[in-house]
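Chemist: If you want the building blocks of each chain, they are given just below.
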Amino acid sequence: MILKIALKELKEIVREGRFRITAITLFALLLAALFVSKSYYTSVNAQHSEAKKNARSEWVEQGQKNPHSAAHYGTYAFKPKYPLSLIDNGVDKYTGVSIYLEAHKRNEAQYAAAQDQTALSRFGDLTPDFVLIFIVPLFIILIGFNAFTRERESGTLRLLKSQGVSTWKLTMGKWLGIFLPVLLIAIPVYVLAALFLANIKDYGQFSLWALTLLFGVYLIYYAVFINITLFVSSLFKKSNLAFVTLLGIWMVSCLAMPKISTAIADKLYPYPTQVEFEEQIAADKKKGLDGHNPWNTEAKKLEEETLKKYGVDSVQQLPFNWDGFLMQEGEKHTADIYFKHYQLLKDTYVNQTNVYRSTAALSPFLPTRFLSMAICRTDYTSHWDFANAAENYRIELVGKMNGDMAANSKYGDWDYLADDKLWSSVPDFQYEPTSYTTVIRQNTSNLITLLAWLLLSFAALYGAVTQMKTI
Amino acid sequence: MLEAKQLSKTYHGKQALKPTSFTVNKGDIFCLLGANGAGKTTTINLFLNFIQPSGGQALIDGKDVVKEPLETKKLLTYIPENLMLYPNLTGLENLEYFSGLANKKYPKEEFLRFLTEAGLQGDAHDKRISTYSKGMRQKVGIALALAKDAQVLLLDEPTSGLDPKASNEFSELLTKLSKKGVATLMATHDLFRAKETGTHIGMMREGSLVEQLTTDQINHTDLEKLYLKHMN
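Chains as they are written, first to last, in numbering that gives the first Met the number 0: chain G, 0 to 470; chain F, 0 to 231.
These are computed hints drawn from the structure, not numbers from a lab.
All C-beta atoms, glycine included, are put in the ideal place defined by N, C-alpha and C.
Wrong hints could be hidden among the right ones.
According to the in silico footprint, chain F covers these stretches of chain G (three or more CB under 8 Å from chain F) [claimed, not checked]: (1) 11-23; (2) 30-44; (3) 325-334; (4) 446-454.
Just a sample of chain F residues kept apart from chain G, beta carbon distances all over 10 Å, derived [said to hold, decoys possible]: (5) Gln-14; (6) Ser-20; (7) Asn-35; (8) Leu-58; (9) Val-65; (10) Lys-66; (11) Lys-73; (12) Tyr-77; (13) Glu-92; (14) Phe-97; (15) Asp-148; (16) Lys-178; (17) Thr-213; (18) Lys-224.
The task is simple: from the sequences and hints, build the whole structure.
Modeler: Spelled out as structure tokens, the structure:
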């Protein structure tokens, strides 16, 4: 019976011009977005592996030099482009794609795509996530706003009720009648995305499971919107009122709430500006050990301690190159400072995220958006994770350079040169993204919020339709 | 088959229907006459459980419509003054859909037979309702009753606005159904049809059933006189 009702709803929807036009437009938009995204992804990926290869060969083939100079020469860590960013590009556009790794300094990721774009791109790109998260709910509203009001206005509701159909079954039929066309649009997109991704060369990164999870999240989100749409439609007597109300709900949850929660998060837990952040780090660095300045107070202290420990009275008598050792100690110290300040930054980030999570209760858009970015690995957490891995690699690389210098050269001997044997003994930067188990654990609250939206909106719909008056 | 027991309805302190009792047996066509606002539609809506009674009971086949809203609806077909169907679906599709809601399944030929039996021309069956006249839609209503094998018909001024021929056809269909044992409760303004088609007549005024009689007790002229007497 439910299926019969759904099929009739579908038949009616399809015979109406409104649906055909919007469905075709929506489908065309999605296809276009997918193709644009795919070509962008392929070109970025090609550039990425090219650049990665170049950076590595530049490092290995840098010629003979002092290991510490090599650490200054540095190399690059490139952020991998994840296959699912094809669907949701998240904050990738703003986060930068490569980090310059050098001695003494932790650098920010640079060359964000947004830097290369015109002001017009501020208005948003045509990406699948834009269509899937912003536009599809609008489509749901468009085909469902008059699901009940139309029956009421035209008088068919009385006839329906006089046939002895239970309101809940009727509602479920109407529900399916909206869900099926949405599925009809989502499934081809899912299949196409899976095909695209399966045909991309670095297939290893892509998991069909993650794509399925992503679409699962979207479908739950759509179900919430269908519930809200039917709920509103069952409350109103007039279609136009239901429509305006639903548009209002869409605007608040998809446009206003994200901005409002960003504003709240920024107000409560503001990030330091770039200048402030750098000044704080510089201040801390000044107080501490300077690897390049042996007359620095901290350096003097370390010298005394080390001499005492080895029972010698000059740095020349130490079994290793004091310069290398001192620089590595300085490096450890600056790494600690960076760690501390980035940790502070991360605390702010975590606090902001918590604000978003609590405001997610006010809009189903927010948990969906966060889950989508997390699954596509294009959220800030993924970026943080990459930046941290790059920093660890930098510490390791610089440590190895200083260590080699300390072990293989004499104090004051700046002529010591290492060659590509040492350079290539440093493993290439390999970044393994966080496992999906961790990603899901990090996003449990978003999942719970979204599921709560699903259950509560179903409950509200049930309550509204069973109380619905026929006349 | 249909029974009102001290049935009443009050809207915002105003009694739309004062406690009223009557019975409609199998094969009876009970015509409710009265001016607009006399309580005819209220009575029908109470039997449909579209509104809650303020007092008394509406029973269909001995079952209280409030307590068993879905069970009692299985027995009835409701045709309002202007039967509204889905304009984008054909007559046949509407019939199939609404019968399906009442859990009635038939092969397509059977549905077509119901439409024909209800007097709808064959070439209209596959046309969309948006092209139908009011009379044609009312006939789909009768086909719905046939398909549902309804034992009760609740009609709210079903022939108002129909041309005399269509109105006559509709009445003939009612008579046919009544011979099958269908109990009909019909609100109408048409004294002539009430006398011709009906078996019983109830006159309503300001929420009360002021007169009940059988149509064989009275002729056209006296019926009209009686009606006017009550209305003035």
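Chemist: Hints first: check each against the structure and report whether it holds.
Modeler: Right, here's what the structure says about each hint:
Counting residues of the segment 11-23 of chain G whose beta carbon lies closer than 8 Å to any beta carbon of chain F gives 3, which reaches the threshold of three, so the coverage claim holds. Given a C-beta distance limit of less than 8 Å, the hint that chain F covers the segment 30-44 of chain G is violated, as 0 residues qualify and 3 are needed. With a threshold of 8 Å between beta carbons, the proposed coverage of the segment 325-334 of chain G by chain F is violated, since 0 of its residues qualify and at least three are required. Remark: the segment 446-454 of chain G is not confirmed as covered by chain F, as 0 of its residues place a Cβ nearer than 8 Å to a Cβ of that chain, below the required three.
A cut-off of 10 Å between C-beta atoms confirms that Gln-14 of chain F is not in contact with chain G; the least separation is 18 Å. At roughly 23 Å from the closest C-beta of chain G, the C-beta of Ser-20 of chain F stays outside 10 Å, upholding its exclusion from the interface. No Cβ of chain G approaches the Cβ of Asn-35 of chain F within 10 Å, the least distance being about 16 Å, so the stated non-interface status holds. A cut-off of 10 Å between C-beta atoms confirms that Leu-58 of chain F is not in contact with chain G; the least separation is 16 Å.
With a least beta-carbon separation of about 13 Å from chain G, Val-65 of chain F lies farther than 10 Å from that chain, consistent with its non-interface assignment. Its beta-carbon lying about 14 Å from the closest one in chain G, Lys-66 of chain F satisfies the requirement of being farther than 10 Å from that chain. Lys-73 of chain F, annotated as away from the interface, has a beta carbon of chain G within 10 Å; the closest lies near 5 Å. Some Cβ of chain G comes within 10 Å of the Cβ of Tyr-77 of chain F; the nearest lies about 4 Å off, and the non-interface call is violated.
Taking the minimum C-beta to C-beta distance to chain G, about 7 Å, the non-interface status of Glu-92 of chain F is violated against the 10 Å cut. With 10 Å as the threshold on Cβ separation, the claim that Phe-97 of chain F sits away from chain G is violated: the shortest Cβ distance comes to roughly 5 Å. Remark: the non-interface label on Asp-148 of chain F is consistent with the geometry, its nearest Cβ contact in chain G lying 13 Å away (cut-off 10 Å). Look at Lys-178 of chain F: its CB is around 23 Å from the nearest CB on chain G, clear of 10 Å, so calling it non-interface holds up.
Thr-213 of chain F, annotated as away from the interface, keeps every beta carbon of chain G farther than 10 Å; the closest lies near 28 Å. With a closest Cβ-Cβ approach of about 35 Å to chain G, Lys-224 of chain F is found to remain outside the 10 Å limit, as its non-interface label requires.
Violation of the numbered hints given earlier is confined to hints 2, 3, 4, 11, 12, 13 and 14; the remaining hints are satisfied by the structure.
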